[in-house]
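In the order they appear, the protein sequences are chains A and B.
The first sequence begins at 1 in this note's numbering and counts up one residue at a time.
The second sequence begins at 1001 in this note's numbering and counts up one residue at a time.
I should point out that these hints are in silico values taken from the structure, not numbers from a laboratory.
Glycine is no exception: its CB is placed at the ideal position from the N, C-alpha and C atoms.
Misleading hints may appear alongside valid ones.
From the structure, some residues in chain A lie toward chain B, with a derived Cβ separation under 8 Å [what the hints assert, rightly or not]: (1) Gln5; (2) Asp6; (3) Val12; (4) Asp14; (5) Ile17; (6) Val19; (7) Val31; (8) Asn35.
So the derived label-pair ranges between C-beta atoms look like this [to be verified]: (9) B/Lys1102 with A/Val31: 38 to 44 Å; (10) B/Arg1158 with A/Ala89: 49 to 55 Å; (11) B/Gly1203 with A/Val8: 18 to 24 Å; (12) B/Gln1087 with A/Lys2: 26 to 32 Å.
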Amino acid sequence: MKLRQDLVLRKVGDDYIMVDPSQGMVDLSKVHTLNETAAWLWEQSIGKEISVGGISELLCERYDVSQEKAVQDAEALIQEFEKAGLLEA
Amino acid sequence: MGANTVPKLTNHYYEIAGLQLELRFCSTLSLNNILPSFVGFRVEKRNETSAAVVTFQEEEVPSEEEWGMLRSDISLVWGDNFRFYEQEDAFVTLIKHTVKDKQWMMKSSKDFRESRIYGKADDPRMGEFVSWLLMVVFGQVGLQHRLILIHASVIAYRQKYGVAFLGKSGTGKSTHSRLWLQHIPDTELLNDDNPVVRFEEDGKIMIYGTPWSGKTPCYKNKRVELKGFVRLEQAPLNRFTWKKGVESLVTVLPSCTALRWNKDLFNAMTDTLSQLMAQVEVGYLECLPDADAAKTSHNALFEEWR
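Assemble the whole structure, with the sequences as input and the hints as a guide.
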């Protein structure tokens, strides 16, 4: 499982965003907003194989959070990424 | 007409928003007659390398099998007259016509720096079509120089500041500009449809008039500092709201020109746009077509202390 490489994370004002150009016939681009933690995790994970284990480890290193909570958050994040179509097909 | 005679070409140079555009057209054609809106942008050759070179020799439009894969046929900025096709090493822009003889086609390198236009020089709409095709070229080439061609009506205020009004066709962009001209002193129309926003080398953001201005003949070779973008929406009242961060980007993005399916060009555009958002104000105006609407946006941009 990998993050889509064609998406570029950018900071606009206080927001972290990714613009996903539509591939269809109409100009309807999607804009994804990430919070600071998700944006940081995104940067850490570019080009790498991602997993619940890896993400939760990153979370534990950076934040004062229990292992259990980190695993929950990592699972939720990967699900969110998947739902939003941010993972490589 | 001898099939093997190659017509002589003449080079013409134009500078639009600081970019040198080079046209190589048959020497028999008078470009000032064909492209009257470009006359004010003519220059002597300034740079060895032009940002874009466009060649026109009267040639048959290549047949449909040679166009490539259809990538897009609807666009907010271009209207529904265009079709874009992609080939391995080229993009094809087609201006549709039911009569095959009246179609116009342009084949461009993937970075749009080199293009060749195919069509008939006796077509009474030649000027209009060539102008549109040049807009396609300029829009895509510009992205590689931190320029964005936008769909907007823009006023220059006090000869110094530009305000770009955005909105879907029929929202009243031109109407809102006209209300400024009538009710806000020291205002002039800079462009009514397709101005260019440019991130200058000194970090300033300028907005330029262009040879493209929709139905309004307003082709000013002139620039002012861009103060803000205002997206308009018809409403039963006048109400101005500021947009920040991701909302500001989403507000402006639909009015920017880029072929959405070309990753490099699209990313170049989003890069420039993201940087613009740090320096330019973005507002949203629900408005009536009245004097108060112009005063509301004027106050928000130039009077309020925020």
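Verification of the supplied hints:
1. Hint on A/Gln5 is violated. Least Cβ distance to chain B is approximately 10 Å, over the 8 Å limit.
2. Of the supplied interface hints, the one on A/Asp6 holds, with its beta-carbon coming within about 6 Å of a beta-carbon of chain B, less than 8 Å.
3. A hinted interface residue such as A/Val12 counts as satisfied when its beta carbon comes closer than 8 Å to some beta carbon of chain B; here the least separation is about 5 Å, so the hint holds.
4. Interface restraint check for A/Asp14: the shortest CB-CB distance to chain B comes to about 5 Å, inside 8 Å, so the restraint holds.
5. Here the hint on A/Ile17 is kept, as its CB sits about 5 Å from the closest CB of chain B, short of 8 Å.
6. Residue-level restraint check for A/Val19 holds (minimum Cβ-Cβ distance to chain B is 5 Å; threshold 8 Å).
7. A cut of 8 Å between beta carbons decides the hint on A/Val31: the least distance to chain B is about 5 Å, and the hint holds.
8. Interface restraint check: A/Asn35 against chain B, minimum CB-CB distance 11 Å, threshold 8 Å, status violated.
9. Range check, B/Lys1102 to A/Val31: Cβ separation about 40 Å, and the 38 to 44 Å hint holds.
10. Between B/Arg1158 and A/Ala89 the CB atoms are about 53 Å apart, so this pair conforms to the stated range of 49 to 55 Å.
11. Range check, B/Gly1203 to A/Val8: Cβ separation about 22 Å, and the 18 to 24 Å hint holds.
12. Distance hint check: the CB atoms of B/Gln1087 and A/Lys2 are about 29 Å apart, consistent with the given range 26 to 32 Å.
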